[in-house]
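Enquirer: Here is what each chain is made of, one letter per residue.
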Amino acid sequence: MDKRTIADHNLTLEEYNRIVKLIGREPNLTELGIFSTMWSEHCSYKSSKVHLKRLPTTGRRVIQGPGENAGILDIGHGQAVVFKIESHNHPSYIEPFQGAATGVGGILRDIFTMGARPIALLDSLRFGPLDDPRNRPIMEGVVSGISSYGNSIGVPTVGGEAAFHRGYAANPLVNVFCLGLAEKDKIFYARAGGPGNAVLYVGAKTGRDGIHGATMASAEFGKETEHKRPNVQVGDPFREKLLLEACLEVMDRNLIVGIQDMGAAGLTCSTTEMAAKSGLGMDVDLDLVPQRETGMTPYEIMLSESQERMLIVCENDRTSEVKDAFAKWDLDAVAIGRITEGGRLTAKAGGQVVIDLPLEAVIDLCPVYERPSRLAEPPAVIEPAAVPLPADYGETLLRLLASPTIADKEWIFRQYDHMVQTNTAVRPGADAAVLRIKGQKKALAATLDGNARYTALDPEAGSKIAVAEACRNLACVGARPIGVTNCLNFGNPEKPEVMGQFEAVIAGMVMACRAFAIPVTGGNVSFYNDTEGESIAPTPVLGIVGLIEDIDRVVRTGFQAEGEVVLLLGRSLEELGGSEYIHLVHGLESGPAPRIDLDEEKRVQELCLEAIDRGWLRSSHDVSDGGLAVCLAECCFHSRGRMGCRADFEENIRADALLFGETQSRIVVSVEADDLDKLLRLAEKKKVETRVLGKTGGRALVISHRGRTLVDLPVETAYAAWKNAIPARFKKT
Amino acid sequence: MKFGVVVFPGSNCDQDTYDALKDVFRQPTVFLWHKDHDLKKVDCVVLPGGFAYGDYLRSGAIARFSPIMKEVAEFAGRGGFVLGICNGFQVLLEIGLLPGAMIRNKNLKFLCQFVHLRLENAGTAFTRTGTAGQVLRIPIAHFDGNYYAPPETLRDMEARRQIVLRYCEPDGRLTDESNVNGSLGAIAGIMNKEGNVMGLMPHPERAAEDIFGSRDGRVIFESLLKGA
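Each protein sequence line maps, in turn, to chains A and B. Note that the numbering used here has the first sequence beginning at 1, numbered continuously upward. Note that the numbering used here has the second sequence beginning at 1, numbered continuously upward.
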């Protein structure tokens, strides 16, 4: 094989030589393509594997940890949740609408492949600043792509996050999370059963779309990225809806042995993994693969990433029943091969053997790299003296509220059907989404969190904060965290400083997940988020699922009535580093990142959870981007009738750090006056500094510090700034 | 009252509607498969929301040719109750059981949000437990909900009081802002001349229990039950 072909397949010369040694001959082009995708970073995790092993993955609820399509946790009453997050960053930059849409399609398949009905989607999005008109069509395309797929298939998009920074202008992030509900005894895996079993191809026909998507996601973008557009697939949510119903039907009727979706690397990945996971082999006839176009080569058939396809293994005498079940949904199920002994993947086309590979070489013997890493110099630390205090705190608050990262995201989520399936008890825009389980008292909560401003400054602390904040968001609605999936978005792992960030992020995540005793059941690593040599800031996104004992106890963001007492759980430090405030107002991105003490964090969350269990909290909201002033403003915006509140602070720290600093481990809550003493006593017992800030009521948000009024704004004025910020940037002029 | 919820390929509110009828309103309820010709002796057919056949061509344009729709049309002709919600409304327009057509929302975006609706006619089989002028809070979720009908049709409909719901402000006023999808006359729900077929874009099944923050959608189902 010539060097050019090898390089075009994103394989190094060493990797190629390894292939030749493993299979005892030169691979043909189709086989080279198979190695190219299976050994790509996207499929093999060759640079991250050694580090990911350090994450805690066990726990009493864990039914399935990492290594399958999705993680599975036991939630009692014979039920299980199946959940996973995936990135679709690269395709979404090349073709925002289809890139994002097929990201949704892919994560949905990961969930229903395991026998679960998808019940919720969440998305974590990062774009360049909206003030640059080039970034708006990317966001518009991504949001409508997600909307078109999720809405059509009928899975509600119930939450997520969106943040904006110039570092994402040429490398937006689209991370999609899906949560499914399954019966514990009806879970399916990518298994082959025994030799002789039939291999069925179901779903859409195979076309030439998406060839080498996985390898594309494993390389940097250069100037010729435009040429990669044909690598992005086109989604068909209608067909996926049929596939979803048909798959769940054959699973429910126990007609199949195993199932695997054809996502990245399509037939290559599904055939090799299904056979290998059972220690068996597979023999397929590529001529039998349903094809959308004529003249497709074995190479193209094996590497196509056409969407909405699945591979099913069933016992031979079940084939006709499976075919009938799919026919009911107007889908074809075609037998294309059988399971064999001997651990090889063999394939014929036109009567010729075109693939004959030992599966061990393709999957288990993929190289694993412990890439060199280097910790970057700690970034500049802020000089408090160099940051002048704002002349007008009200004006500063309005600016923060109008910053797209903080502003209302309804422009996004009202394009998503977030109510279909009639389970959405807490809608988007809250700290966490809450979903009821029909017929049960318990409920599920889910949130996605990540803050690259912090991880850029301090990857380890930032990673801990991401876990802590996600758990805090769950605590705010009354949910206890039960499991984690992570989407790790980084630059090129061949750069030692990127690996340094990666290792530090993993280290922080290990500590935080241990502290909260939550297992990581899977996730996704997205490396090579670089454009023209520039890496994104390390952006770990945490998807955490929580369990609520009693749905009637769920607490929401936003004051409920006039005269409630407003309190702050947790203490405020003089911290400015990494805040949206110093970035937006002072143009600084210096550190240090906010301090994070996991013990303290846990105590604050426990206090919040216990107060909710006892029915004392009327509202709760976590303090995050923009700090306390933004948090209080949002409590007013989400309140009944947009009422105001008064908050008085006595802390002896700079007023801007107090109002806009992003000290962690803080929650703003409101209670009825009768419950105040009980809450304060519990706080003392839990050793959580808790202060009464003031009361709800009136039409204004009033904040004072040591007797001086800093903010006195009509809630409607603040609301308008927050509400209109994103829509205004999309107004056609 | 026995309800039948039609399942087209691509329907996605079929289960929600079924659950509401069966578990919230405690009525005997069955699914009706699009390929079948049997209405299973139901008293009311509900065409649920979703994207029947993917709606790639025009919402409801393919679904109207389903075998079951022939039966539904005959059933409606005999005076049987037919309720079309969202995509179901679109199908009723396409097959001609209701007048008018749908075009894309005026902002050319999918819209999922609570809206306020003014009950224009409380004398129908679908609204009799409400009061005229009452404002209901019910969610919408659609891309093609911008109602259109030719002027003469609209005049007829007005004269026959076929307009049942209009998008409005919380206090019942009709404004451009509250008419979120740009519908002609802010029309959100209509019925046929005979009063046994109703279509509406909002989702009453999503406003039938406390956890959704509104129970206003119950009016539609409770009215049907009251007549039974």
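If you are wondering where the hints come from, they were derived from the structure by calculation, not from laboratory data. Small disclaimer: the values here were computed from a predicted structure and weren't measured. No residue lacks a Cβ here, since even glycine has one placed at the ideal position from N, Cα and C. Certain hints may be false.
To be verified - Straight-line Cα separation of at most 20 angstroms, SDA-like style, residue types lysine to any residue; simulated pairs:
1. A/K723 x B/F114
2. A/K731 x A/E140
3. A/K328 x B/D210
4. A/K186 x A/E321
5. B/K109 x A/P137
6. A/K438 x B/P170
7. A/K495 x A/E140
8. A/K495 x A/M511
9. A/K442 x B/D210
Stated by the list, open to error - Have a look at the derived ranges for each label pair, beta carbon to beta carbon:
10. A/V692 x B/I103: 13 to 23 angstroms
11. A/H77 x B/K22: 19 to 29 angstroms
12. B/K2 x A/G350: 55 to 65 angstroms
13. A/D324 x B/R161: 42 to 52 angstroms
14. A/K205 x B/N107: 13 to 23 angstroms
15. A/E395 x B/V135: 29 to 39 angstroms
16. B/R161 x A/A728: 33 to 43 angstroms
What the hints assert, rightly or not - Partner residues aside, some chain B positions facing chain A, computed with beta carbon under 8 angstroms:
17. C13
18. Y18
19. G54
20. R104
21. N105
22. K109
23. L111
24. P139
25. D144
26. Y148
27. E152
28. T175
29. D176
30. I211
Enquirer: I'd like to know which numbered hints this structure contradicts. Please list them from smallest to largest.
Expert: Checked against the structure, the hints that fail are numbers 3, 6, 7, 8, 10, 14, 18, 20, 21, 25, 26, 27, 28 and 29, while the rest are satisfied.
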